[in-house]
Amino acid sequence: DIQMTQSPSTLSASVGDRVTITCRASQSLNTWLAWYQQKPGKAPKLLIYEASSLDSGVPSRFSGSGYGTDFTLTINSLQPDDSATYFCHQYSGNSWVFGQGTKVEIK
Amino acid sequence: QVQLVQSGAEGEKPGASVKVSCKASGYTFTDCYIHWVRQAPGQGLEWMGWISTKRGGTKYAQNFQGRVTMTRDTSTSTAYLEINSLTSDDMAIYYCARQFSGSYYLDYWGQGTLVTVSS
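First to last, the sequence lines map onto chains A and B. Mapping of the first sequence onto the numbering used here: position 8 corresponds to residue 8, and the numbering continues sequentially without gaps. The numbering used here runs 1000 ahead of the 1-based position in the second sequence.
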C-alpha cells in the first residue's frame, strides 16, 4: 500500500503570511491527490482536486501543485478563517489514503 | 443542491453492531460512489471503503475487511454502513462522502454520525 507523509503536523503563522504544507507519497500518484480543510466539529471540505484544481467557491489564495510523489498546498496571505486542519488524500490502485493532517493556527 | 444527510448519533455496547445511514439528494444517486471515512476523537481521517451505488460492488480497506458491510438502497437513494463486533476502538465520527464516477476525490460529505461504544 502507498504511504502518505504529510508535514508539518502543526504550524503557527500570522495573518498575511504565506503557508506551505507538503505531502509525500511512497509511490507515484500521477495527479490523483486532493486537499481538504476541516474545522472543529465539521465535516472535511474539498479545497483542491487533481493536485492543482481549485474546487468551486474556494478562495484563490489557496493553491496546489505537484506531480508523482511530492505535492504542496499553499495558502497565500493567510486569513483568520483559515485556522483549521488540512488533509491530503490520495487515490492509487483502488486504495485511498489520507495524510496525517496539518493543524494551522493563527498567531 | 447536493446533500448527504446521515442518521443520528448511536450508542452501543461492546460486541454489538451498528448501522449508519446516508441519504443523498440533489443529484442522481447512481452517478456516484459513496465512501465511508471515520475519525476517532482528536485523530485524523481513516478511509474505510466504498460502494458502487449503481452495481452494489464494494471495496473495503484492509483494516475493516470482514467486520464492515456497505450496502445501498437505490429506491431511497440511501447508503448504509454496518459495523459488527464493536469495540471501544470503533468510537468515532463516521462520515459518508461521494465520489463522482470518473473523478478521484470526495466532493460532498455528510455531516457525520457519532458512534459511542460503552458498557
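Treat the hints as calculated values from the structure; they're not laboratory data. The C-beta atom is built at its ideal place from N, Cα and C for all residues, glycine as well. Treat the hints with care, as some may be off.
Chain A side only, calculated, beta carbon under 7 Å to chain B, not exhaustive [stated by the list, open to error]:
1. W32
2. Y67
3. G101
Straight line, CA to CA, 20 Å or less: simulated SDA-like cross-link-like pairs of lysine to any residue [to be verified]:
4. A:K103 / A:P40
5. B:K1054 / A:P40
6. A:K42 / B:Q1001
7. B:K1023 / B:S1118
8. A:K107 / A:A84
9. A:K39 / B:D1107
10. A:K42 / B:S1101
11. A:K39 / B:Y1108
12. B:K1023 / B:D1089
13. A:K42 / B:E1046
Status of the hints after comparison with the structure:
1. W32: holds, 5 Å
2. Y67: Violated. Min distance 14 Å.
3. G101: holds, 5 Å
4. A:K103 / A:P40: holds, 11 Å
5. B:K1054 / A:P40: Cα-Cα ~33 Å, so violated.
6. A:K42 / B:Q1001: holds, 19 Å
7. B:K1023 / B:S1118: violated, 27 Å
8. A:K107 / A:A84: With a Cα-Cα distance of about 13 Å, the restraint between K107 (chain A) and A84 (chain A) holds, given a limit of 20 Å.
9. A:K39 / B:D1107: Measuring from Cα to Cα gives roughly 16 Å; hence the hint holds.
10. A:K42 / B:S1101: Distance ~25 Å between K42 (chain A) and S1101 (chain B) Cα, so the pair is violated.
11. A:K39 / B:Y1108: At roughly 15 Å apart (the allowed maximum being 20 Å), Y1108 (chain B) and K39 (chain A) satisfy the hint.
12. B:K1023 / B:D1089: violated, 26 Å
13. A:K42 / B:E1046: Within the cut-off at roughly 16 Å; holds.
Hints 2, 5, 7, 10 and 12 from the earlier list are contradicted by this structure; the remaining hints agree with it.
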